[in-house]
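Each residue of the sequence shown is one higher than the last, beginning at 310 in our numbering.
It is possible that part of the hints are untrue.
[As the list claims (entries may be wrong)] Taking CB as the label site, the calculated pair distances span:
hint: 1; residue 1: G475; residue 2: D652; range: 45 to 55 Å
hint: 2; residue 1: Q457; residue 2: D365; range: 40 to 50 Å
hint: 3; residue 1: I434; residue 2: R691; range: 48 to 58 Å
hint: 4; residue 1: A494; residue 2: A689; range: 58 to 68 Å
hint: 5; residue 1: E678; residue 2: A494; range: 41 to 51 Å
hint: 6; residue 1: Q457; residue 2: R691; range: 19 to 29 Å
hint: 7; residue 1: T532; residue 2: T465; range: 15 to 25 Å
hint: 8; residue 1: G458; residue 2: D652; range: 35 to 45 Å
hint: 9; residue 1: S490; residue 2: A689; range: 47 to 57 Å
[To be verified] Below, simulated BS3-like cross-link-like pairs (lysine-lysine); rule was C-alpha separation at most 30 Å, straight line:
hint: 10; residue 1: K548; residue 2: K647
hint: 11; residue 1: K636; residue 2: K548
hint: 12; residue 1: K376; residue 2: K548
For the record, the hints were derived by calculation from the structure and aren't laboratory data.
Here a beta-carbon is modelled for each residue, glycine too, at the ideal position from N, C-alpha and C.
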Amino acid sequence: MFRVAYLCEFPSLNGGENSLLSFLASAQSEVHPLFLCPATGPLADRLDCLGYARHDFSLLTPERQRKPAEQINAELLGTLAELDVDLVHANSLSMSRILGRVAVQLTVPTLGHIRDILNVSGKVIADLSELNSCLAVSHATRQCYLDQGMPDSRVTTVYNGIDRGGFQTETPPESGSLRASLGIAPSAFLIGGVGQIGLRKAWGVLLDAVEILFERCRSVRDTVPDIQIVIAGLRHSEKPESIEYEQSLIRRSYAGPLAERVHFIGYHRPISQLLHEIDVLAHPAHQEPLGRVLLEAAACAVPVVATAVGGTAEIFGESGAILVPSKNAEAMALGLEKVFADDGPLVRRMTEQAGERLTRLFGRATHRERMLALYQDVLASR
């Protein structure tokens, strides 16, 4: 059994954390996990429920200021020195970089999970290159870091895994319960969005697209259909521009063409409840390494209109979703209109293609095998 220390940066429970927990659920007899993570929050609560050991580790002071790099390094080394583990696995780009800074001082192998597509400095690339290996969640993610100087041999693509059967056999929520709680009619066309409230997720583009869709409907039918939008997610950034961005989105839900049609519901679980009740998942992100909610939508046979960025095309191929250019509200509106106007054949073809690719490329068993093989390779090469 592998004894693995997992480094988690955030107290939240988002795609990266859920992907890791899904892997651990599939490898209970092969992996004994120990977590280094913030002391409180949804992640800590979930770990406690699962019975996973955790040790308090945070990049922030009690005043929520980032600690100096030297302090972070010392605290990480001190905590790891007290643990009996076979390897250390950082679960985000930032934690991978931090682990790379101290890797030479550790006696166990190190692994970094890269779940972001970003332009980074040469120093970040140098830190990542100190790790024994890095996992990229998509070929697009891997290529991003190879283009910036990462050695080819240090970065491997390992797709996230998902239990499609679990979504298909899961007991559905009470029919219409989410719609009813929001005052949305059962007959309304409901567009769903899932993700953090931040600039990179581009929710403003989605709202622009729906306004365009309203205008098109009005020009053809002289009426605006009952189209509603529900967005599940929280803002984590405390930057002034992020706060203002969130406030600008909320203002649009109270006034203008979208008044009383946009519903921000915050952190929502189970996400499958939302997916079972929406008519289409819209994903307007400017960049997306490999969105877990896109995999979950495919598992639930929900049609997707998404931007053709990052690893999204690797999930859906040529016909598993409607993919549009980023930062293009007109194209997003056209994609949503196709689903809205469809009487069945288009959605059926899309969801069948997405489901087939999901089973073939993103199965949880396949992910488990890849991860365990990588752990074995890293340990053998030490």
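- [ ] Compare the structure with the hints numbered earlier in the document and write down the numbers of the violated ones, lowest to highest.
- [x] Checked against the structure, the hints that fail are numbers 1, 2, 3, 7, 8 and 10, while the rest are satisfied.
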